[in-house]
Amino acid sequence: MEKSDDKNTAVTRRDVLRDSVRGACLLGAGVFGGLLARKSAGEQMVWQIDPYKCISCGHCATYCVLQESAVKCVHSYAMCGYCDLCTGFFEPEPIALTTGAENQLCPTGAIIRTFVEDPYFEFTIDEPLCIGCGKCVKGCNAFGNGSLFLQVRHDRCLNCNECSIAQACPSQAFRRVPAHQPYILKGQENNE
Amino acid sequence: MSYPPNQNSRILPVTISMLKLHLSMPPILLTGLIILAMVGATYGLERFPPPDFETGYELPSTTTPPPRALFYQYLDLAVLIAALALASWFSLKKRSRRRLFGLMVFSLIYFGFWRKGCICPIGAIQNVTLTIFDRGYVIPVTVILFFVIPLIFTLFFGRGFCAAVCPLGAIQDVVLLKPQQLPVWLEHGLGMLAYVYLGAAVLFAATGSAFIICQYDPFVAFFRRSGSLEMLVLGVSFLVIALFIGRPYCRFLCPYGVILKTLSRFSRWKISITPAECIQCRLCEDSCPFNAIEKPGAAPLPANYRQGKTTLIILLILAPAIMALSGWLGYKLSAPFSRMHPTVRLAERVHLEETGQVPDTTDASDAFRGTGRSLMSLYEDAEQIGREYSWATVLLGVFIGTVIIIKLTYLTIRRTQTSYEADRGRCLACGRCFAYCPIEKNSNEPANI
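Line by line, the protein sequences are chains L and D.
Take my numbering: the last position of the first sequence gets the number 192, and nothing is skipped along the way.
Take my numbering: the last position of the second sequence gets the number 449, and nothing is skipped along the way.
Each hint should be verified, as a subset may be incorrect.
[As the list claims (entries may be wrong)] Here's a subset of chain L near chain D, in silico, CB distances under 8 Å, partners left out:
1) Thr12
2) Asp15
3) Gln44
4) Ala78
5) Pro170
Derived from the structure by calculation, the hints contain no laboratory data.
The model shown is predicted, which means the values in this text are computed figures rather than measured ones.
Every residue, glycine too, gets a C-beta built ideally from N, C-alpha and C.
Pulled out of the complex, with its shape left as it was, chain D reads as follows (with noise of 0.2 Å):
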């Protein structure tokens, strides 16, 4: 950029009167002065002094709006609290579909549409684990909660967050028109996705890369109702499978899924699809559009009990093996996956750059080099990040690893059940399989738990 010679602009006059206040000053002052203008310029600040103004004139005030007030946080933890209690006990006590689909909605409107899907526990996990590893960030107190209220609830509950409190599950819920099965080994295959999901956002979190569940979340741009195309096209293919297949992010890649699945193993109230006794009519046997109903008998897997012994011995001795393969191809991608974080991509353009195999520069290298920093510091920065990957990966590829064998072992094991039960585990607590149960439509009576 060149400007012309100014005809009636400042620069002139400035120039002119520092030039007669150098004259009548000593040497060493002058000198001094020159180099206070000079880094002056480096930084671009005060080139032209702040004019005396003669006719009164006020400086106007830069605005500063404030951000959403912290009450309205509070406001936010308190309906969720309400929404969780009011769907225990939809769902536990009232059993009623009517009632959660009711509260489903509302919470799809007020933290889908209205909070804009931001904060929510899901992505809490991620605020959780920067919390624990950066000593610099400080987190809300209302972001912990938002992480561990759900979690307390579905201890005692179940998983009625996932019923009726999370905005993604809901959306996903009330466009589900036409539930297809699975095969039952899709949908334990599938249902991994969600442990290396929750695995890589912790990793990425871990080491202050990325926030990927934030940035992949499929329904965010439904609720801002404004985002990048992609967003766009990721959250209405997830609608069109949701169509047939019931809530496909909640069973097969929700990270926080994954917890209250783990820990409404262990609730103390559990949903009964029957209010009394089951008298195996068989007729509740397809209402679960999530493949949460173990039917009476033996599991579907094994085929036979010699089987599933051998199976699960071979299982046992391969445990160690398949845990050092996953940890293995887990240090294998530590390289690729330390590219998420921004020091290391840059450090990376910067060496390209200095050792000339590409010719241009990027924003993101000139701006480090605007900074004046060392090539060896952003080095050795990202030489620090890509050790603390390496073995960040190995705990993750160690972690999905243990994660197929248990779950191998799960289906190695033979259980037999006497009645029509929801998996506790992956019972989403909708209600759907209430009104299928004969005994429900006959009684008046609320159904003890």
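Okay, chain L solo, but in the shape it has when bound (with noise of 0.2 Å):
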């Protein structure tokens, strides 16, 4: 338009050429779009830990960009041996085996022990007080059954496009799953 001065209705070159550019641009979008759209899936993908491949460093309770870790320890307790003597409850050689904290491997105090019967222990994450920091993963893979696990939390994580945990992990156990299975839990592989 800069060119027309005396007639704004004049169609000058430029309006031309800037017409099929555009047409050329929109036809090109389209394109594209339908072409992605091919690959696409209809749901969000989220993010996941696979806990087949974690080594439960503590990245998850440190890099996550919430103030309190989107990563929570899970309990699979079908996979659980209920000991008394839990590799992931207690410090290696504990004192006794008792709640006290000194005898405690979680930083935080949130794994509840309760007594079932002789000589089986339950024992329950409290989640609100759960960090992420693998320390009672660790300890349950190492001399237990791995029946305690990390997950990523979907009540809380907020599904960045990149994950800072899982830029950090050392593993690559990050990994982006559908949202209609958006856990990777132990010991229930088989079901799914």
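Dock chain one against chain two, each of which comes alone in its own frame, and use the hints as you go.
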């Protein structure tokens, strides 16, 4: 329109060029979008930890963009041995097998130990207290059944496009999973 | 770690019962069982079989809180489309800075503080790139639409997205208190950074290394009101600069802005400063904090016709050399760039450890050894990524070289214009200039476009 000084309605060469490029761009965007849509899913992808790759290094507690990490410990009860001497609960060489803080591995006391029947004890995670440090996971994996493991809790996760913990994860255990199956639970793979 | 001999733990009875079991079995079965037990031990599973409870204890189930429902993603998309439509209407038809500002604050609250800045069209560049290059990656439909819809709007109505929809633009716009004009050469020079950033973002997304746009998003820490110290320092420094220099991220870094800038040059409708004929009163001359108003007369660069012509000829002769040079530079940078990929970093670290150049191990190398993968397969993967990088960085170099040549060519072409107009590409459609036009003030009629 820069050149049309007397008649605003006059079609200039520049306008024709602009129109054709715009048409080409629209076509391009349409084709591009269509090609992408062929490889797309109708649902969101969310972040999750593969518990078999996780080495419980502790980065989940510190690298999450949330002040209180979206990663928490979860317990697969069906795998648990219900041990009295739980190596996910107790410090190595505990003074006594009691719930005293000096005996506990968890820095926030987020594991609740309850007596079920002799000699079995149930261990549950008090989720609001759990910081996702993975100390109990390490202990449980080292000498126990590995029934304690870390998972991204989707009621907390912001689902950042680029997960900060995934970037820092030394074992590349983070991956995107479809939102209808947002957890990788140990001991339940065969059910799916 | 060592554990005390267990007085009352279950380790002992289990072992004894297993031994009893073994004694009553034929030797072959026994060997098989021992092997099975050893395999079990290496994976740390079923060391203590789950007990059979006698007191009627029921196993609690593991809770699995679901992610945000799909419905909300379509809500986000609807809000995006509505905001884009309103932004176009306010900037082209209503010509109202106040309405645009209101919409901008809404977008800042909704897309920024409420939705915490994810997913945004800027970051979607990387998802789209990764979809093209990674067969295994599945992109959600909403992300494609988030990427494409603002592009289509821009082709018709200009950069309404930048004006009032993008939360990153909004947070910089609301803090702009004392705008300073940058010299033209600096404006053009800094503008080139965005192309480099776009090229690098595409490179790292295509190779599956990292999403750097999201990683170095300066404002997302404010939106989440949480983040690392580096993010906070980056964000605060951008906001301090944004007090004086209008929207520094949008103009000099935003990779999506580069695409929108290009498409906006071909938009069907564009912002006009005046609702009618420009009377060249010069009142709007300094009204644009983003240096997007073109003044009548010759473009400020080049100084004269002859000089421009000479520069252009030299430039076109040098063009292949510039592209070759930037491609070569890209090739030279492929090794350091490839370290953005975690597998390459891991392979280098493991190599250092294997050859005894470093005494200790890292979490990553320990984790790799824990997987039992062979060294060779890791090195091969890293080499494969390295090869991808070597041609991708050449392409990146050539792309940047081409952009530089196009930019320089654009600057040497002498254009004249007759009125004050917003540059189609650089105009962010913020609507600040409307109020400066005396014709606007006198007319009560909405302007024709």
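Okay, which hints does this one fail, numbers in order? Violated hints: 1, 2; rest satisfied.
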